[in-house]
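With chain F held as given, fit chain W onto it using these hints.
Protein sequences appear in the order of chains F and W.
Numbering (this note's numbering) for the first sequence: 1 to 317.
Numbering (this note's numbering) for the second sequence: 318 to 822.
Read the hints as simulated data drawn from the structure, not as lab findings.
It is possible that part of the hints are untrue.
Only pairs whose alpha carbons sit at most 25 angstroms apart, straight line, appear in this in silico BS3-like list of lysine-lysine [claimed, not checked]: (1) Lys33(F) <-> Lys157(F); (2) Lys696(W) <-> Lys186(F); (3) Lys660(W) <-> Lys799(W); (4) Lys753(W) <-> Lys799(W); (5) Lys143(F) <-> Lys157(F); (6) Lys369(W) <-> Lys699(W); (7) Lys696(W) <-> Lys649(W); (8) Lys699(W) <-> Lys649(W); (9) Lys696(W) <-> Lys660(W); (10) Lys482(W) <-> Lys369(W); (11) Lys506(W) <-> Lys547(W); (12) Lys699(W) <-> Lys185(F); (13) Lys369(W) <-> Lys185(F); (14) Lys753(W) <-> Lys699(W); (15) Lys547(W) <-> Lys117(F); (16) Lys369(W) <-> Lys547(W); (17) Lys699(W) <-> Lys186(F); (18) Lys696(W) <-> Lys185(F).
Coverage of chain W stretches by chain F, computed from C-beta distances (three or more under 8 angstroms per stretch; other residues unrestricted) [to be verified]: (19) 680-690; (20) 737-748.
Some chain W residues well away from chain F (every beta-carbon gap over 12 angstroms; in silico) [claimed, not checked]: (21) Gly330; (22) Thr338; (23) Gly401; (24) Gly466; (25) Gly512; (26) Lys649; (27) Asn672; (28) Pro714; (29) Ala765.
Computed from a predicted structure; not experimentally measured.
For each residue, glycine too, the CB sits at the ideal point set by N, CA and C.
The lines below spell out each chain.
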Amino acid sequence: MPENRLVSTLRSLGPLVGLLLVLVLFGSLEPEKFLAFQNIRTVLTQTVIVGLGAIGMTFVVVSGGIDLSVGSSIALSTIVVARVLRDGGSPWLAAVCGVLSGACVGILNGALITRLKIAPFIVTLGTLQIVRGIAKYVAGEQKIDAPASWLADLMTKSPSPAWLIVSPGVWALVVLGVFFGAVLKKSVIGTYAFAIGSNESTAVLCGLPVSSIKIRLYALSGLLTGLAGLMQFSRLTVGDPTAATGLELNIIAAVVIGGASLSGGVGSITSSLVGALVMAFLANGCNLVGVPNYAQEILVGGIIVIVVAMDRSRRMT
Amino acid sequence: MTSTAPIRLSIEGVTKSFGATQAIRGVSLNINAGEVHALIGENGAGKSTLMKVLSGALQPDSGTLFVDGETYSPRGPSDARRRGVAMIYQELNLAPHLTVEQNLSLGREQSQFGFVLRDAMRPQIYDVLRRLGIADLEPDTLVGSLSQGAKQLIEIARALLDGAKVLIMDEPTSSLSRSDSLRLFEITKALAREGCAVVYISHFMDELREVAESYTVLRDGATVGSGLMKDVTDNELVTLMAGRPVERASSHLAENRGEELLCVSDLSGERFPQGASLVLHRGEILGIVGLVGAGRTELLRTVFGLERIRAGTVRVGAHGFRSSDGVDSRWKLGIGMVSEDRKGEGLMLDLPISNNLVLSRVDSVAVNGWISRSALVEKTMKWIQSLDIRASSVDAPVGSLSGGNQQKVALARLLHHDVDVLLLDEPTRGIDVRSKATIWNLIRDLAASGKAILVVGSHLPEMLAGCDALMVMQRGRLGEKKAASAWTEHSLLVEATAGSGDIHA
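One chain only, chain F, in its complex shape (with noise of 0.2 angstroms):
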């Protein structure tokens, strides 16, 4: 026991340990810009759509499934805000249809992998396209102009009040990383997430409701994906069908890092947030210190393969 406690310990520590390693190199290469107050600031409202995105790609992957579709969705919801301000709806409600429009998403993606029994990595595949086509559909194709709200102050870089000191979208990140962390740790449902994804005809012969299990952990996962794409519009001012492209590859990205297993059973929501921060940080101080973008991309997917062979070792012993 003292060894799998220390094992766990190890998962759990090994992306902060990473993330450490991130700020002590950048931070005695670049030290005034690079630990500046602003700067950091800076980062951390940036992590704050692959975080959201990553909190509910975490209860996807530890279910042992995967959601290819949420950068398509994202900008979904950039749109349904957009349109909402547009035609005369007030922020609160532009920002409930677009969290909402998030949750349709994954109630879709979670009703086609379940119904017609299609693996997920393919379902949303193919929702990837469908829901980026919509966005553009809905969109006319092109960008949708809002009038000016107090939404776009979501992700200003210099909130106001002063007190809050970061921007409103980085507390959202905070307390919802809190609270689903728990749920996921704690919850009925986070232990159900966990049990299929550890091994899903266990799952059924204990008598679960999978499929519907499984519906609402998509449908959690869409309505976090819905305010990840709320926090893009702010970022944007504009509802974009073109935002947010590739983005879902970030949020698997972190949440890997982060030391979930792709095969399910593994996982825990802070770790993901780490996994965020170290990607956050990473682009970051490579912009700082003046590394170029192609070399970025190669250290970035190579820090991929190493933790995951770092954590397949670690398995191994």
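Chain W alone, transformed into the frame defined by chain F:
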């Protein structure tokens, strides 16, 4: 057929142990060219181990093998094939999306500039298909579209293309129709006439009489008899397989029955069971025995709602299940099941004992959708202590426990759920002898406390000692229920092996 035929395969004093268990101990046998030799034994007698040694999948601890008089010590299955020894497995290793011809030439394609020369293999392939009497089979047919019987022949054809001189056939008719079986018998005999030596494994006496001339009986890893099929009766063979009647180890009373808890009548599933009926009383341990593949597992799974009910009824008390009712309806009415496949189905090996224990009833440790850690630990500790589960903590992953302790966790799930009816599929499989005794004691205690237990098992002495009553399943059908004291190993085996390839109406 003649006595002057050369000895093709010779096995001398082969032994093989796995840890402390001796799977085969000093087995010797000779098979001539042109001979079909039946290898007979109960489940676990050592047949599979011997065949794995022959086909190169396992290395023997001691002993020597000869093929055509030359020492034969294959380093692996492909090496064995090169030496002319081929195993025809129960599960066929064919690529369903490729054609007959592609399957047959797989791994021995002749190519030029990277392109397969299709025509180069054609004459050989036609020749082999002709030898098997299936020359009319179109080589462009997709293997996936063929019947089980035809697939089996393709598998044999592949062995012949490798120049097989010794063929090992393990229960080759287990998934074949009667007519496909008959064709296979003819082909087997024809191949023997051409000079092959065939080792033929089957549980069915009439099938063995049809194809084999000679036999060897294995029991507990040793040869207990051999000779010519024509010199021995079925009864003598079964006696050899079972050995002396085993003393009943327990003085368990069969009279402590209560009211009827589970009633299954004329139950049929997709393939198995076929019209199975049984009644299970409170306090009773009813055992189902039969050969591997007789449909015992399917019976439990159909009763439990994991497989669809096609006809017949399953009732608990006054409640009858509909065919659309799922597993959750069984748990709700107090039926629980332990799977034969702990790794693949029974347990979540990388999750803690506690999660595995409460999964069928998470609400018992939850308040408003949140798990109460203290309730979870308390419930888990209770079962860890009362079943003496050896684990370092409640958070230890189940995969870190020994097989016997894993099985206790699987059983504890049913006890935690407080079911009345326990369906146990091979509850003592893959665990050491002492844990087996512990599990059986636990089963008896549960029955004494008023649970009803339906248990499927393969080890006959264990089942005779542990159960109150036994039924034999044979090709999906259940025989008569008799008190365990009314059965012997011998009589169980006779009933289990009674059928031929036929399905009696």
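Hint-by-hint comparison with the structure:
1. Lys33(F) <-> Lys157(F): 16 angstroms, holds
2. Lys696(W) <-> Lys186(F): Roughly 16 angstroms separates the two Cα atoms, so the pair holds.
3. Lys660(W) <-> Lys799(W): 33 angstroms, violated
4. Lys753(W) <-> Lys799(W): 24 angstroms, holds
5. Lys143(F) <-> Lys157(F): 23 angstroms, holds
6. Lys369(W) <-> Lys699(W): 44 angstroms, violated
7. Lys696(W) <-> Lys649(W): Holds - the C-alpha atoms of lysine 649(W) and lysine 696(W) are around 20 angstroms apart, at most 25 angstroms.
8. Lys699(W) <-> Lys649(W): 22 angstroms, holds
9. Lys696(W) <-> Lys660(W): 23 angstroms, holds
10. Lys482(W) <-> Lys369(W): The given pair, whose Cα atoms are some 17 angstroms apart, holds under the 25 angstroms limit.
11. Lys506(W) <-> Lys547(W): 16 angstroms, holds
12. Lys699(W) <-> Lys185(F): Roughly 23 angstroms separates the two Cα atoms, so the pair holds.
13. Lys369(W) <-> Lys185(F): Distance of about 46 angstroms is beyond 25 angstroms: violated.
14. Lys753(W) <-> Lys699(W): 22 angstroms, holds
15. Lys547(W) <-> Lys117(F): 54 angstroms, violated
16. Lys369(W) <-> Lys547(W): Roughly 28 angstroms separates the two Cα atoms, so the pair is violated.
17. Lys699(W) <-> Lys186(F): It holds: about 21 angstroms lies between the C-alpha atoms, which stays within 25 angstroms.
18. Lys696(W) <-> Lys185(F): 18 angstroms, holds
19. 680-690: The restraint on the stretch 680-690 of chain W holds, since 6 of its residues have a Cβ under 8 angstroms from chain F and three suffice.
20. 737-748: With 0 residues closer than 8 angstroms to chain F, the stretch 737-748 of chain W misses the three-residue bar; violated.
21. Gly330: At roughly 39 angstroms from the nearest Cβ of chain F, glycine 330(W) sits farther out than 12 angstroms, so the non-interface label holds.
22. Thr338: 27 angstroms, holds
23. Gly401: 39 angstroms, holds
24. Gly466: The assertion about glycine 466(W) holds, with a minimum of 30 angstroms to chain F.
25. Gly512: Answer for glycine 512(W): holds, closest chain F Cβ roughly 47 angstroms.
26. Lys649: 8 angstroms, violated
27. Asn672: 6 angstroms, violated
28. Pro714: Check fails; 7 angstroms does not lie beyond 12 angstroms.
29. Ala765: Fine: 26 angstroms to the nearest Cβ keeps alanine 765(W) off the interface.
In this structure, the hints that do not hold are numbers 3, 6, 13, 15, 16, 20, 26, 27 and 28, in rising order.
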